[in-house]
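Take the sequences, apply the hints, and build the full model.
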Amino acid sequence: MILLTSVALLHNQLLVAVLLIALGFLGMLLQRNAFSMVFSLLLWLQGVGLICAAYGQSRGAWNGNLFFLIIVLFLLPLLSMLTFLIIQSRRSRELPLSKQEEVSEAESPYRTFPDQGADSGG
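Just so we're on the same page, our numbering is the position in the sequence shown counted from 1, plus 305.
FYI, nobody ran anything at the bench for these hints, they're computed from the structure. One should not assume that every hint holds.
[Said to hold, decoys possible] Label pairs and their in silico Cβ distance ranges:
hint : residue 1 : residue 2 : range
1    : 330       : 381       : 14 to 20 Å
2    : 362       : 383       : 34 to 40 Å
3    : 395       : 319       : 17 to 23 Å
4    : 315       : 341       : 26 to 32 Å
Think of the CB as a built atom: it goes at the ideal place given N, C-alpha and C, for glycine as much as any other residue.
Here's what the structure looks like:
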């Protein structure tokens with residue numbers, strides 16, 4: 306009876322993991338926003354980590370838990386650094402654009418110069 310309970314638990318964990326991986330994959334395919342892509346990748350990795358942890362729990366081995374710890378300890382900080390770099394790049398792109406808009410309003414390309422008036426002939 307205990308074996309059937311553990312098999313059902315494994316199937317439920319694998320079902321949730323496959324759903325997380327599918328949502329992450331669809332998010333990576335359908336999103337154009339960099340933040341959404343990073344969070345979709347996080348969903349994807351959580352699904353993979355859940356598969357590793359479920360494998361370790363069902364087999365009574367440390368292999369699955371070790372793979373899950375590798376995912377958490379190495380990949381998630383890298384993804385958080387990627388998120389930080391995306392935020393910084395957006396901030397650096399937004400600041401010069403607002404300053405350029407102020408300058409472009411002052412110097413319009415349609416202003417007339419003294420030699421281009423109606424009397425200049427051209």
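Verification of the hints:
1. A hinted range of 14 to 20 Å holds for the C-beta pair residue 330 and residue 381, which are about 18 Å apart.
2. Under the hint 34 to 40 Å, the C-beta atoms of residue 362 and residue 383, about 26 Å apart, miss the expected range.
3. For the hinted restraint 17 to 23 Å between residue 395 and residue 319, the CB-CB distance of approximately 37 Å leaves it violated.
4. A hinted range of 26 to 32 Å holds for the C-beta pair residue 315 and residue 341, which are about 31 Å apart.
When the structure is compared with the earlier hints, violations turn up for hints 2 and 3 and for no others.
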